[in-house]
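Novice: Each chain is listed here by its residues.
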Amino acid sequence: MIDTIEKEENIISEEEAAQYDRQIRLWGLDAQKRLRGSRVLLVGLRGLGAEVAKNLILAGVKGLTLLDHEQVTEESRRAQFLIPVDADGQNQAQASLERAQLLNPMVEVKADTDAVGSKPDDFFFQFDAVCLTRCSKDLMVRVDQLCASRNIKVFCGDVFGYHGYMFSDLGQEHHYVEEKPKVVKGSNEANDGPEAKKPKVDPNETTMVKKTVSFCSFKAALEVDWTNEKAKNNLKRIPVDYFLLQVLLKFRTDKGRDPQPDSFAEDSQLLLQIRDDVLETMGLSSELLPNTFVSYCFSEMAPVCAVVGGVLGQELVKALSQRDAPHRNFFFFDGLKGSGVVDYFGSK
Amino acid sequence: MNQPTMAQLVGPLRKELADSLSSCRVLVVGAGGIGCELLKNLVLAGFKNIEVIDLDTIDVSNLNRQFLFQKKHVGKSKAQVAKESVLRFCPSANITAYHDSIMNPDYNVEFFRNFQLVMNALDNRAARNHVNRMCLAADIPLIESGTAGYLGQVTVIKKGQTECYECQPKPTQKTFPGCTIRNTPSEPIHCIVWAKYLFNQLFGEEDADQEVSPDTADPEAAWNPADAAARATASDQDGDIKRVSTKEWARSTGYDPVKLFNKLFKDDIMYLLTMDKLWKKRKAPLPLDWTEIQQIESSQEEACGTGLKDQHVLGVQGYAQLFRRSVETLRSQLIEKGEGAELVWDKDDPPAMDFVTAAANLRMNVFSMNMKSRFDVKSMAGNIIPAIATTNAVIAGLIVLEALKILNSDFDQCRTVNLRCYSFDTLKPELHHVLSYLTYLCICFSHLV
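Chains as they are written, first to last, in full-length UniProt numbering: chain A, 1 to 348; chain B, 1 to 449.
So that you can see chain A by itself, here it is in the shape it has in the complex (with noise of 0.2 Å):
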């Protein structure tokens, strides 16, 4: 991946420096480098997938490649920001494809208009990163398996209404420095001795820890056993939006789409089915999920699209310029309680 940096991109140049210059404060010169290397494959252009494409585009990604099969419809419309009005009826990633560019001319914006299950498996190996919205819960198995093989950071992320999740595998072994401050030698002020004349070590000097962290697979994330008594006992901690997550990802693939607002009466029969269906398999109550979940998972609700795209995009970032510790693995977020939770299922 970004082990070395290609000597001609090691120089910045001055209008990068100028517009970057409030995130290289930040996250500093060698993570925007390794940015700057960086191609980033992203499926799914609806309203999570707008919010994930303008915040790499503007961290300064050397390429991004928007791909989306679907058409634009005036829903699929109304719930993202790239698409002009009178794109009805185009294909989404294209139609999406100008208005991201402008975000940053810097940036390589590509728009691929093919079903990213009908992608060969080398297709994905021309990226550094691959992140995965409104994809089937079998298709994100398959292109994590193939990725995290070849270090190649895998992320998905969907948002149901007022829930969304993030998911991350970024392989076995992913390095990572942190920004630490340099322990500085108590100094002894009251001592007379020659000690005490020495100058002062400025105390906002840091210094880079180096730090290595795996991850599972998605299919050994979706796949905990809750039938063990330890597992059981640790139900009251386990965020309930991971059950909700199963619980759509089935509705998913049983029905090819996710719920609509047109659907509703039917829609949400089916979910608290597939709800009884999913927990029961896990051998787990029902009671874990109550019936309330189906009035907040239709359509995708903005606000949650940023929050969850922000996060995102972010821990996106941080994998592609190994700054800073990743989420570990997933994040879960709920729009109606405005409350946002990290934690790892899989094996450890």
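Be a bit skeptical, because a hint or two may be false.
Straight-line alpha carbon distances no greater than 25 Å define the calculated PhoX-like cross-link-like pairs of lysine-lysine that follow [to be verified]:
id : chain 1 : residue 1 : chain 2 : residue 2
1  : B       : K174      : A       : K180
2  : B       : K337      : A       : K62
3  : B       : K347      : B       : K337
Just so you know, the hints here were simulated from the structure itself, not pulled from any lab data.
Quick caveat, the model's predicted, so the values are computed rather than measured.
With chain A held as given, fit chain B onto it using these hints.
Specialist: Just chain B now, with coordinates in the frame of chain A:
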């Protein structure tokens, strides 16, 4: 919350909520980092009547996060361009933009009463205090927010139900004692503050609280109280420090950079050395001499290499040259402006920034501190707060979620949400019932307040 019955969803929302969104009027104060994200979220969520105000114009350093603006908009009004950009993806929105300060008396209580909700997207305490009071007076709910780096916060303020913005004392801007700045600096920031004072004393508006010459009345310098008084009198007679203002003295030399250099970094330092009690437990400063510095071999000015030009730390000779060049440029600026002219320090004015960089570093060198790059000096001198798109995106999303609760009249559901490196801390509602009115804890960031 009430359960929506069948076929009463408008997108993800209950019909009553969707209707009240499209009819209500909201005010957004600020069209910068949070403001751009907020405007976008508001229209996508279904808000139709939005007024936005911002006194600022667009700068290139805004473009990494204020996504409604492009390079071609640099110099234009933020509020105006924000409105135009939003209308492009939501032409049916009814947006009014004001390129103005919210503290302008035109925006009186009556003005505020036009709105069902006010949302701040500000970056300074004065404006926040002002809007807080206007919203209390007009009895309109206010959503306050702020971000810095990876951190952020959202708070709801409603008269009679929550604390207001000014209920809790906020930390004040850090200041340093005069003698630290003038006599015994121990950190780079002290030297940077000194250099900014020096700029004002030489080129700008002179301020009695911004003296740069050695402080003979420093209590630490006196072996006994009588001694301090004697020193103070002596220097008056001496005349080289107190009697003539720094600006007058500089003018009398024609702003000669070499004379300035020797006075500030040699003569004044030698004077400080005579105040020997100060140096009993501190490392004594080492004076610089212009001529001696010129003898030093041209410092190892590396080729630009892989870093930002601004991030290089020069040697003493380099900063001496920078000092001379910037003094000469600023001198010309003064002459151009004419009689009685004063310059105002601006971090984005290159010679002004060069001057502070040079002067601060020379002083750091005198006091045996590691020198700093222009990049770092600019951060400290210019109070630059690092900022990214994603933090603002998250906070703006949370603001709109709080707005929806307010419109739903769910005040008891309102939260203060604190964002710490993307783990969210949400305060429990039980706290609210303990007190007679709702209170929220705030984590105070000095730059947010």
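Novice: Against each hint, give a clear statement of whether it holds in the structure.
Specialist: These are the hints, each one checked on the structure:
1. K174(B) with K180(A): holds, 23 Å
2. K337(B) with K62(A): Roughly 45 Å separates the two Cα atoms, so the pair is violated.
3. K347(B) with K337(B): Within the cut-off at roughly 19 Å; holds.
When the structure is compared with the earlier hints, a violation turns up for hint 2 alone.
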